[in-house]
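Participant: Taking the hints into account, I'd like the entire structure generated from these sequences.
For the record, in the sequence shown the residue sitting at position 35 is 35 according to my numbering, with numbers rising by one throughout.
It should be emphasised that the hints constitute simulated quantities derived from the structure, not laboratory data.
Being a predicted model, the structure only gives us computed values, none of them experimental.
Just so you know, even glycine gets a beta-carbon here, dropped at the ideal spot from N, CA and C.
Hints may contain errors.
[Claimed, not checked] Here are the in silico distance ranges between beta carbons for each label pair:
(1) Gly348 <-> Pro144: 18 to 28 Å
(2) Arg236 <-> Pro129: 31 to 41 Å
(3) Lys501 <-> Lys379: 40 to 50 Å
(4) Asp199 <-> Lys379: 44 to 54 Å
(5) Val526 <-> Arg14: 12 to 22 Å
(6) Arg14 <-> Pro170: 21 to 31 Å
(7) Pro406 <-> Pro336: 17 to 27 Å
(8) Lys379 <-> Gln405: 25 to 35 Å
(9) Asp94 <-> Thr333: 48 to 58 Å
(10) Arg74 <-> Gly348: 43 to 53 Å
(11) Arg414 <-> Gly348: 47 to 57 Å
(12) Lys61 <-> Gln451: 56 to 66 Å
(13) Thr510 <-> Lys379: 25 to 35 Å
(14) Glu557 <-> Arg74: 19 to 29 Å
[Claimed, not checked] Only pairs whose alpha carbons sit at most 25 Å apart, straight line, appear in this in silico DSS-like list of lysine-lysine:
(15) Lys501 <-> Lys469
(16) Lys379 <-> Lys469
(17) Lys61 <-> Lys196
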Amino acid sequence: MEFGNGAGGADGTRYLPISQHGLIGDLRTAALVGANGTIDWYCCPRFDAPSVFASILDADKGGSWELATDIPTRTRQFYFPDTNVLITRFYAADGVAEIQDFMPVVDESREASRHRLIRRVICVRGSLPFRTRIAPRFGYGAEPHTVRVQVHEAVFDSPSISLALTSTVPLESDGTDVWSHFKLLEGESVVFALDKISDDVRPLACPHAEAEEQFEATVRFWRQWLGHSRYRGRWREMVHRSALLLKLLTYAPTGAIVAAPTTSLPEWVGGERNWDYRYVWVRDAAFAIYAMLRLGFTTEAEAFMGFLSDRGIMRGVGPTGPLQIMYGIDGRTELPETRLSHLEGHLGSAPVRVGNAATEQLQLDIYGALIDSVYLYDKWGQPISSDHWDEVDAVVNWLCDHWDQPDEGVWETRGGRRNFVYSRLMCWVAIERAIRMANRRGLPADLLRWQRSRDAIYRQIMQQGWSAKRGAFAQGLGDDVLDAAVLMMPMAKFISPTDPKWLSTLDALTADLVSDSLVYRYDPEVSPDGLRGSEGTFSICSFWYVEALTRAGRLEEARLAFEKMLTYANHVGLYAEEIGRSGEQLGNFPQAFTHLSLISAAFNLDRALG
Numbered sequence: 001m002e003f004g005n006g007a008g009g010a011d012g013t014r015y016l017p018i019s020q021h022g023l024i025g026d027l028r029t030a031a032l033v034g035a036n037g038t039i040d041w042y043c044c045p046r047f048d049a050p051s052v053f054a055s056i057l058d059a060d061k062g063g064s065w066e067l068a069t070d071i072p073t074r075t076r077q078f079y080f081p082d083t084n085v086l087i088t089r090f091y092a093a094d095g096v097a098e099i100q101d102f103m104p105v106v107d108e109s110r111e112a113s114r115h116r117l118i119r120r121v122i123c124v125r126g127s128l129p130f131r132t133r134i135a136p137r138f139g140y141g142a143e144p145h146t147v148r149v150q151v152h153e154a155v156f157d158s159p160s161i162s163l164a165l166t167s168t169v170p171l172e173s174d175g176t177d178v179w180s181h182f183k184l185l186e187g188e189s190v191v192f193a194l195d196k197i198s199d200d201v202r203p204l205a206c207p208h209a210e211a212e213e214q215f216e217a218t219v220r221f222w223r224q225w226l227g228h229s230r231y232r233g234r235w236r237e238m239v240h241r242s243a244l245l246l247k248l249l250t251y252a253p254t255g256a257i258v259a260a261p262t263t264s265l266p267e268w269v270g271g272e273r274n275w276d277y278r279y280v281w282v283r284d285a286a287f288a289i290y291a292m293l294r295l296g297f298t299t300e301a302e303a304f305m306g307f308l309s310d311r312g313i314m315r316g317v318g319p320t321g322p323l324q325i326m327y328g329i330d331g332r333t334e335l336p337e338t339r340l341s342h343l344e345g346h347l348g349s350a351p352v353r354v355g356n357a358a359t360e361q362l363q364l365d366i367y368g369a370l371i372d373s374v375y376l377y378d379k380w381g382q383p384i385s386s387d388h389w390d391e392v393d394a395v396v397n398w399l400c401d402h403w404d405q406p407d408e409g410v411w412e413t414r415g416g417r418r419n420f421v422y423s424r425l426m427c428w429v430a431i432e433r434a435i436r437m438a439n440r441r442g443l444p445a446d447l448l449r450w451q452r453s454r455d456a457i458y459r460q461i462m463q464q465g466w467s468a469k470r471g472a473f474a475q476g477l478g479d480d481v482l483d484a485a486v487l488m489m490p491m492a493k494f495i496s497p498t499d500p501k502w503l504s505t506l507d508a509l510t511a512d513l514v515s516d517s518l519v520y521r522y523d524p525e526v527s528p529d530g531l532r533g534s535e536g537t538f539s540i541c542s543f544w545y546v547e548a549l550t551r552a553g554r555l556e557e558a559r560l561a562f563e564k565m566l567t568y569a570n571h572v573g574l575y576a577e578e579i580g581r582s583g584e585q586l587g588n589f590p591q592a593f594t595h596l597s598l599i600s601a602a603f604n605l606d607r608a609l610g
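Facilitator: Laid out in structure tokens, this is it:
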């Protein structure tokens, strides 16, 4: 996809659309690189740290790193094949050049504290003039900073963090920002490197030879990792891009997986549905592990199991039960939600939020997602340990006593607790999978009690979750509202994908919530969720829909819906959480939920097509 250099966003000048970005990272944090060459989102040294560059949330106050030609050009962006190294190319009448953006994945045993972002500019034909401006705004744009410049090095000092910029061209400064202008001839290159520094980690120059070495090492790391994939199907490029993205969202020191690397990108431009997703949702991470296991990546599943065990996640005793719905990437339980009123939000979409008050919600479906991932790891990875089983046993016993209560549900509504069918479904999954593990491995369990609870949930869903008026399973017990979450019913093995009740549900969902393969979660007009404004279609639901059609044997419809969904990916194969009316990406970006469901849909559709 081509872009005009310096093209603005929907307001014409100040913001690139969410979709016009690629992502780079080092398994600790990540940066969004615009198709115009600007880094406008970067938190250092971790996903959930305060931002250094955040012009995607406030073009004036957020901070950015601009790097582009000094003349009008067209740009194209792509990933170096089978890696998370991002290439942005500039095309002009006088030549062609490219920026190679990457973050080396450091060896934990050697330089775990070094966080490095490298930008290498290479002129590949003719000659082109370039400019760069590095304008960090620390602490989400709220912290002051100073700059110390020596010809090829600049040090930015703020109260909370110091960064060192090294360059192979001279740098200038006004005491706040740093810039440089340079011209490249064919074959020439310039290297910039941004490092977090401290008493233990000093500035490190990045000359041309070292930049080449780190580029090759980074390419090698990602290709070796991707080489473990077992997927050889029709949509290999998109599936592998999704796998590379899920790996990018992994926090290597703990094995945690964040839902997305950003905060407060709007689900509807101008609306208030803006949330911080830089945390570990139990549901999202568990589904991600399912997708990884499907492709053969057992190491990531093992690391996540370690996160659960090392942080005592399943041994919690909180007010809503043993599990919270989300945790910090270090396992912390406190994630207080605050508003950054000094930032205007993407395209004026306020508020900008840090932290997430949904930690206080009760969402019973997370137990099914988690126990199912443990079950799959036990089946496809390594048999779980006796300590892990004790944790599963305790969680399932708690669930037997607490499944029959209202909760906030999978969509984290802020309109009060209700008896959601999806929550009941996933409680059934948790208990049913635990029973399978106990029977297969002869593990100790109160099987009679578990079976009674499992069967009671099944009967309640069948009797009270079915709406005779709609001819479909409903959003809540005893109501007639539809919800795309029930698309999980056949995938969870709760009901046969060809059961007449399910086929009728599929038809009802298609009629009410599907728009040209795109699926809405629910209708906020019919089912108020406590928030103002609208939202786009939810991409995980769109891929669930593909899988539901596949399992129902409607393969032509499934394949067409899947191919249509692929057209909504951005130019480098990434998806946000939602898709707007004109096909624009909405919500935090890129979103793990969307990519893990793409993997699952592709895997099952491939298998069905033969």
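Participant: Would you check the hint for Lys61 and Lys196, treating anything up to 25 Å between C-alpha atoms as holding?
Facilitator: Holds, because 21 Å separates the two Cα atoms, which is no more than 25 Å.
Participant: Look at the Cβ atoms of Val526 and Arg14 and judge whether their distance stays inside 12 to 22 Å.
Facilitator: violated (36 Å)
Participant: At the C-beta level, are Thr510 and Lys379 separated by a distance inside 25 to 35 Å?
Facilitator: Roughly 33 Å apart at Cβ, these two residues keep to the hinted range, so it holds.
Participant: Given the hint that Lys501 pairs with Lys469, test it: the Cα-Cα distance must not exceed 25 Å.
Facilitator: Distance of about 13 Å is within 25 Å: holds.
Participant: Does the Cβ pair Lys379, Gln405 satisfy 25 to 35 Å?
Facilitator: holds (30 Å)
Participant: Look at the Cβ atoms of Arg14 and Pro170 and judge whether their distance stays inside 21 to 31 Å.
Facilitator: holds (29 Å)
Participant: If you check the beta carbons of Arg74 and Gly348, does the distance land in 43 to 53 Å?
Facilitator: With Cβ atoms ~28 Å apart, the hint is violated.
Participant: I want to verify a distance hint. Is the separation of the beta carbons of Gly348 and Pro144 within 18 to 28 Å?
Facilitator: holds (25 Å)
Participant: For a C-alpha distance cap of 25 Å, please report whether Lys379 and Lys469 respect it.
Facilitator: violated (40 Å)
Participant: Between Glu557 and Arg74, is the Cβ distance one that fits in 19 to 29 Å?
Facilitator: violated (38 Å)
Participant: Starting from the hint 47 to 57 Å, judge whether the C-beta atoms of Arg414 and Gly348 obey it.
Facilitator: violated (22 Å)
Participant: Within 56 to 66 Å or not, the Cβ separation of Lys61 and Gln451?
Facilitator: holds (58 Å)
The structure fails to meet hints 3, 5, 10, 11, 14 and 16 from the earlier list, while all remaining hints are met.
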